[in-house]
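K.L.:
The primary structure of each chain is shown beneath.
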Amino acid sequence: MTSKTDDSVFAMVPDADGRFGAYGGKYVAETLMSALAELESVYRELSADSQFQRELDEDLAHYVGRPSPLYEARRWSDDIGGARIFLKREDLNHTGAHKVNNTVGQALLAKHMGKRRVIAETGAGQHGVATATIAARLGLECHVFMGEEDVRRQALNVYRMKLLGAEVIPVTSGSRTLKDAMNEAMRDWVTHVDDTFYIIGTVAGPHPYPLLVRDFQCVIGREARAQCLQQAGRLPDALVACVGGGSNAIGLFHPFLGDESVAMYGVEAGGHGIATAQHAAPLNAGTPGVLHGNRTYLMQDDNGQIMHTHSISAGLDYPGVGPEHAWLKDIGRVNYVVANDDEALAAFHTLTRVEGIMPALESSHALAYAARLAAQMTSEQFIVVNLSGRGDKDIHTVAEIDGISF
Amino acid sequence: MSQQGRKALLTYVVAGDPHPALTVPLLHELVASGADIIELGVPFSDPMSEGPVIQLGHERALAHDVSLTRVLEMVREFRRDDSDTPLLLMGYANPVEHMGHAAFADAASAAGVDALLTVDVPPEEVAGLNAELRRVGMDNIFLVAPTTPEQRIERIVAEASGFIYYVSLKGVTGAGHLDTQDVARHVGIIREHCTLPVAVGFGIKDADSARRVAAEADGVVVGSALVDAIVGAYGERGDGGAARHAAAELVGGIRRGIDQPAS
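Residue numbers (the numbering used here), protein chains in the order written: chain A, 424 to 829; chain B, 642 to 904.
Treat the hints as calculated values from the structure; they're not laboratory data. Heads up, some of the hints might be wrong.
[To be verified] In silico lysine-lysine, DSSO-like type, Cα no more than 27 Å apart, as pairs: (1) Lys811(B) <-> Lys538(A); (2) Lys538(A) <-> Lys585(A); (3) Lys846(B) <-> Lys811(B); (4) Lys534(A) <-> Lys811(B); (5) Lys534(A) <-> Lys585(A).
Work out the full structure: start from the sequences and follow the hints.
P.N.:
Next up, the structure:
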């Protein structure tokens with residue numbers, strides 16, 4: 424039942440050029456090509472270095488607080504009346520989301536490369552906070568680029584980053600959200616390439632970022648796989664995770680890709696609904712193109728201009744998606760579905776009230792779809808949902824919708 | 642480029658900025674003022690290598706919905722009165738990808754485009770596009786940067802034609818820390834690896850910086866300073882005549898600067 428094809432195709436991507444089938448690659452200006460080559464070679468060396476791995480494992484255990492629990496949401500499952508639902512509790516990590524798994528790893532790379540300055544882009548602010556946190560701990564100078572619109576939506580996280588000693592730079596170009604923050608981070612990197620490490624927060628960007636961010640996030644799926652075997656005695660029937668850039672999803676999915684019995688669902692932000700064009704669901708409603716260093720599915724208009732996106736959650740408000748997801752969609756291994764703003768909001772309230780766990784609005788998209796899926800399954804089956812972050816940061820957004828101001 | 646010792650002047654404007662109706666007259670004005678090669682920016686929603694001045698140029702053009710197709714129409718119109726001045730499109734991968742390599746090559750060459758420079762398509766990613774450009778006889782211009790290792794220059798040269806575009810500094814367009822000695826050293830290294838002419842861009846803003854860089858290269862590119870001068874003169878009133886005049890002044894001054902014998 425748990426057939427694991429060891430030399431499966433999934434272990435063979437990306438190839439040496441950073442391609443996942445037709446996707447990925449290195450679409451950047453020449454100035455950055457040598458920095459990417461250096462990063463790739465350092466990463467290849469350190470990922471095989473037992474001392475580096477030990478350092479990373481210690482940080483994950485004692486600083487991040489791993490392993491994160493796999494929690495069975497019994498009351499919620501009973502209410503839905505279908506499959507059992509387990510939550511992978513990435514919200515319990517230090518800083519409150521899965522993002523820190525990756526920033527700890529990349530900051531260690533920065534340290535080994537002798538870079539004294541780190542930069543990051545952020546949408547919801549979780550990756551920015553996770554970067555500012557590890558920069559504070561390692562004594563690195565930290566600059567976080569954040570769209571002006573997101574600075575407004577995520578004021579709490581902006582202040583957290585400032586408390587941690589980071590400089591938050593509001594980005595006023597374009598749509599003033601995550602994609603524009605990424606443009607500005609790239610511009611900063613090209614200007615300070617000698618002393619700066621760019622800590623990308625998702626499995627997008629030029630090679631080797633989609634590879635190394637995946638590797639750092641795979642701790643989620645490795646733990647979940649072992650916990651399923653231990654707590655449920657078998658592998659799950661389905662995995663569900665939200666997909667913006669797709670780092671929490673790839674982290675959960677990847678260690679299970681060879682397990683043919685495990686179905687996978689990546690949940691994109693449906694915003695006001697796919698039909699309204701007010702969404703952030705490139706895998707469901709986009710077409711392939713090139714943005715931010717890689718070829719992938721994009722939300723673009725008839726002239727190849729990148730479109731403005733909409734999602735209730737800043738962390739999913741991105742017009743592209745990691746190239747590995749684009750490939751997994753095309754080969755049919757993962758199902759990419761959507762949950763709209765209102766469904767995510769309902770799931771936020773439900774989990775808070777029924778389980779006493781307040782999920783991030785990003786993760787609420789995964790929860791909304793999981794509830795739909797579980798209802799169609801039997802009580803003999805079980806689902807693992809990646810609860811990628813906690814919802815404290817979203818309280819203002821939720822309150823605003825409820826007409827409450829503080 | 643660089644005929645009879647004369648150094649080439651390349652002028653960059655964003656197609657459709659500040660207004661689509663001004664672009665073709667502006668291009669003729671640039672040529673009349675001493676530009677040897679027209680570099681026409683294709684507006685893109687996410688111009689990652691541009692500094693603030695040219696970013697805003699892209700945004701102004703996109704406010705008028707200037708698509709790649711519209712840019713090619715402008716080139717066709719320019720060609721009615723100027724069939725000689727070399728014209729290259731400079732932009733980002735996605736609009737070209739979206740049109741399709743073959744369709745782009747056919748449409749661009751029919752419109753009278755001589756060359757393409759896509760900032761975010763390095764030699765590693767260019768195979769499909771280059772095959773189509775070669776088919777229609779268009780040049781593909783590549784960047785060499787201060788961070789490009791010497792052994793990598795060979796790889797770039799293998800894909801390049803027309804000329805090599807040396808990026809004079811680590812940074813985005815319009816940055817202000819040009820180091821002429823460093824430029825001279827890098828241009829020297831590039832020349833050891835290829836016979837193509839070398840043009841230098843990024844950070845050249847006036848006659849003096851142009852003259853200093855031209856002494857070391859076959860051509861110089863002026864972009865941000867020109868875009869800034871044009872939009873400044875165009876102003877809130879939308880004065881196209883003033884914009885053309887400002888462009889002519891700046892380009893004329895730079896032309897005289899680079900034609901001066903090096904002191």
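K.L.:
Taking each numbered hint in turn, which are not upheld by the structure, reported in ascending numerical order?
P.N.:
Failing hints: none at all.
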